[in-house]
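Visitor: Keeping their order, the protein sequence lines are chains A and B. When we follow numbering that gives the first Met the number 0, the leftmost residue of the first sequence carries the number 0, and every step to the right adds one. When we follow numbering that gives the first Met the number 0, the leftmost residue of the second sequence carries the number 0, and every step to the right adds one.
A portion of the hints provided could be inaccurate.
For chains that are exact copies, the list does not tell them apart, and a pair is met inside one copy or across any two.
[To be verified] Here are the simulated lysine-lysine pairs, BS3-like style, with alpha carbons at most 25 Å apart:
#: 1; residue 1: K128; residue 2: K37
#: 2; residue 1: K128; residue 2: K173
#: 3; residue 1: K128; residue 2: K36
#: 4; residue 1: K37; residue 2: K173
#: 5; residue 1: K36; residue 2: K173
In short, the hints are calculated from the structure, not lab data.
Number of protein chains: 2
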Amino acid sequence: MASHVAGPEIERLVQLLARLPGLGPRSARRAALHLIKKREELLGPLGEAMQIAYQRILTCSVCGNIDTIDPCTICRDARRDPSILLVVETVSDLWALERARLMPARYHVLGGVLSPLDGVGPDDINIAKLLDRIREAQAGERTVREAILAVNATVDGQTTAHYIADLLAPLGVKTTRLAHGVPVGGELDYLDEGTLAAALERRTAF
Amino acid sequence: MASHVAGPEIERLVQLLARLPGLGPRSARRAALHLIKKREELLGPLGEAMQIAYQRILTCSVCGNIDTIDPCTICRDARRDPSILLVVETVSDLWALERARLMPARYHVLGGVLSPLDGVGPDDINIAKLLDRIREAQAGERTVREAILAVNATVDGQTTAHYIADLLAPLGVKTTRLAHGVPVGGELDYLDEGTLAAALERRTAF
Numbered sequence: 000m001a002s003h004v005a006g007p008e009i010e011r012l013v014q015l016l017a018r019l020p021g022l023g024p025r026s027a028r029r030a031a032l033h034l035i036k037k038r039e040e041l042l043g044p045l046g047e048a049m050q051i052a053y054q055r056i057l058t059c060s061v062c063g064n065i066d067t068i069d070p071c072t073i074c075r076d077a078r079r080d081p082s083i084l085l086v087v088e089t090v091s092d093l094w095a096l097e098r099a100r101l102m103p104a105r106y107h108v109l110g111g112v113l114s115p116l117d118g119v120g121p122d123d124i125n126i127a128k129l130l131d132r133i134r135e136a137q138a139g140e141r142t143v144r145e146a147i148l149a150v151n152a153t154v155d156g157q158t159t160a161h162y163i164a165d166l167l168a169p170l171g172v173k174t175t176r177l178a179h180g181v182p183v184g185g186e187l188d189y190l191d192e193g194t195l196a197a198a199l200e201r202r203t204a205f
Numbered sequence: 000m001a002s003h004v005a006g007p008e009i010e011r012l013v014q015l016l017a018r019l020p021g022l023g024p025r026s027a028r029r030a031a032l033h034l035i036k037k038r039e040e041l042l043g044p045l046g047e048a049m050q051i052a053y054q055r056i057l058t059c060s061v062c063g064n065i066d067t068i069d070p071c072t073i074c075r076d077a078r079r080d081p082s083i084l085l086v087v088e089t090v091s092d093l094w095a096l097e098r099a100r101l102m103p104a105r106y107h108v109l110g111g112v113l114s115p116l117d118g119v120g121p122d123d124i125n126i127a128k129l130l131d132r133i134r135e136a137q138a139g140e141r142t143v144r145e146a147i148l149a150v151n152a153t154v155d156g157q158t159t160a161h162y163i164a165d166l167l168a169p170l171g172v173k174t175t176r177l178a179h180g181v182p183v184g185g186e187l188d189y190l191d192e193g194t195l196a197a198a199l200e201r202r203t204a205f
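Here chain A stands alone, though its shape is the one from the complex:
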């Protein structure tokens, strides 16, 4: 790259930046130069923010969310209904649901989906912890009434949802999943047949 013209420190910065999703070798060089140009406003603060994140970020032992406290801010939030669990694949799905500010519920982050082809089995994602969590809640006074399996509408996501629904059935927990249909603002012309079929089948009265 630029190893023989700039110092090894700059080369290392470029190489590490290139490992961020969305940045390639070219954009990593541009990002490095931008950082060096904005030394005081960006390079210093971002380096510090990363060091702080490196030192302080934890995975919540209850729900699998990330935060700097354990249990996380969501698990500690008394205003959130503990009887509804939103089961999501990743923290980024949790953030997406939180941004929409739809439901003051609790979460359970699976940390992935079952994927036999990639060798991901039930023990590789947080399913056992979900069952333990529900059983513990039932043993105490706060029972979990509903588990909303808010996983992606992919084959692996749906397989995982079915697997978890089967495990939750004997526990007497109501298990639901997200509706399929036309995305708001979506054009029919661009949708696949599966989505159109689901939207037509589950049509609602005006």
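Please build the complex by placing chain B on the supplied structure of chain A, with the hints as guidance.
Guide: Frame of chain A, contents of chain B only:
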């Protein structure tokens, strides 16, 4: 963003990442989660690399390049011909020329181009330093024979090149500029008329 669900440390990381060129709010969140996932391999090392860069990176007092030593690695390199100066707009242009490994010359980084509309005048870029550098070399035993004005083929770039060429003429320095023409691998259909005109006018014999 995610401020009310994750700690302020994560929110700050996302906000700073979003200021990198090529990353928006969405990809900054994805980058932050990727960093947190790869805590040991990426988050820690990248934070450290940024801190080191923040502490050590300097602008070369001779040529305007960035490095961790001053004068920079290029200015110190005895194998490079000091009689040829490649005058470039930015460090990123210097890197681009170095990657192509074309000419073991020295550089002079202007740090911008003249741009009356943006209020950038001759005193705002490293032109005075270029003249001083050439005069000093001429006073000593190492004279600068040629200044290659390797600026961008934009209006501002070419204006700057003309301005510098006029200043260098009395110093007896040969001033050259990059050739215009069809980029290697380029398709005529996609080129503008100016490039086609230049390529046709400066056609060469087979």
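Visitor: All the hints need checking, so say for each whether the structure fits it.
Guide: Each hint tested on the structure:
1. K128 with K37: Answer is between; shortest inter-copy Cα gap is 22 Å, intra-copy 45 Å.
2. K128 with K173: Within one copy, since 18 Å is at most 25 Å while 75 Å is not.
3. K128 with K36: Classified as between: cross-chain Cα gap 19 Å, same-chain 47 Å, threshold 25 Å.
4. K37 with K173: Neither: 53 Å inside a chain and 35 Å across chains, both beyond 25 Å.
5. K36 with K173: neither (55 Å within a copy, 32 Å between copies)
Comparing the model with each earlier hint shows violations of hints 4, 5; every other hint is respected.
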